[in-house]
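Each chain, letter by letter, is given below.
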Amino acid sequence: DQQVKQNSPSLSVQEGRISILNCDYTNSMFDYFLWYKKYPAEGPTFLISISSIKDKNEDGRFTVFLNKSAKHLSLHIVPSQPGDSAVYFCAATNFGNEKLTFGTGTRLTIIP
Amino acid sequence: EAGVTQFPSHSVIEKGQTVTLRCDPISGHDNLYWYRRVMGKEIKFLLHFVKESKQDESGMPNNRFLAERTGGTYSTLKVQPAELEDSGVYFCASSQDHSYGYTFGSGTRLTVV
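The listed protein sequences derive, respectively, from chains A and B. Following my numbering, the residues of the first sequence are numbered contiguously, the last one being 155. Following my numbering, the residues of the second sequence are numbered contiguously, the last one being 578.
Everything labelled a hint here was simulated from the structure, so no lab data went into it. Since we're looking at a predicted model, the values are computed, not measured. Where a beta carbon is used, it is the ideal one built from N, C-alpha and C, also for glycine. Heads up, a few of these hints could be off.
Derived DEER-like restraints, expressed as beta-carbon distance ranges [to be verified]:
id, chain 1, residue 1, chain 2, residue 2, range
1, B, Lys516, A, Ser53, 34 to 44 Å
2, A, Thr69, B, Ser492, 32 to 42 Å
3, B, Thr535, A, Asn110, 39 to 49 Å
4, A, Arg60, B, Arg529, 41 to 51 Å
5, A, Ser53, B, Glu522, 30 to 40 Å
Chain A extracted, bound-state conformation:
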């Protein structure tokens, strides 16, 4: 039973445009959400997070939006750059619990 779902296995976006990666979750106990970025042959790298008390968190070109009623979050990258090409994982947890539940990842390709 997959509690965190990333339904798009891949996404291609033109350089300079906005990339939007989506994530849905089913467990209503989740109250903290994270995005990780992974390059080939490397481990995931923490990108940005959001607590359920917020609906938006911004860090430079990266913004995460949370819609609790829809159990949906999205990561916006603008403008997209070639170095953003990677696999992006959405993860969720119940704050205070150290265990993260990850999605299957979305491969983002930025086209120059």
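Since chain A is already given, all that's left is putting chain B on it; use the hints.
Frame of chain A, contents of chain B only:
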């Protein structure tokens, strides 16, 4: 600051053999985690150490997997005997406190043939 180090980076073993994966966390990080990604699927939690103690091992698939963290420093994950379904990439991560911005290692790609 040195990152999380895992070795070997790759391991190919035959079904029924034993393999031991090692993880060296960032110095001073009390929290150490093991995760696994099976081909194309999600990254799944295996277990969490706080210093040398197992805090949560709810993700360990079965008793063929044994994790240790002697002295609260490096950790090993032994698979004995290995089965085909154990193939995947095993990631280790560490953190200093209750922070979710774990630092992950590059992983060990295990192939059981």
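Status of each hint after checking the structure:
1. B:Lys516 to A:Ser53: 34 to 44 Å: holds, 40 Å
2. A:Thr69 to B:Ser492: 32 to 42 Å: holds, 38 Å
3. B:Thr535 to A:Asn110: 39 to 49 Å: Hint holds: Cβ distance 45 Å, inside 39 to 49 Å.
4. A:Arg60 to B:Arg529: 41 to 51 Å: holds, 47 Å
5. A:Ser53 to B:Glu522: 30 to 40 Å: At roughly 34 Å between Cβ atoms, Glu522 of chain B and Ser53 of chain A fall inside 30 to 40 Å, so the hint holds.
This entry satisfies every hint, going by the numbered hints stated previously.
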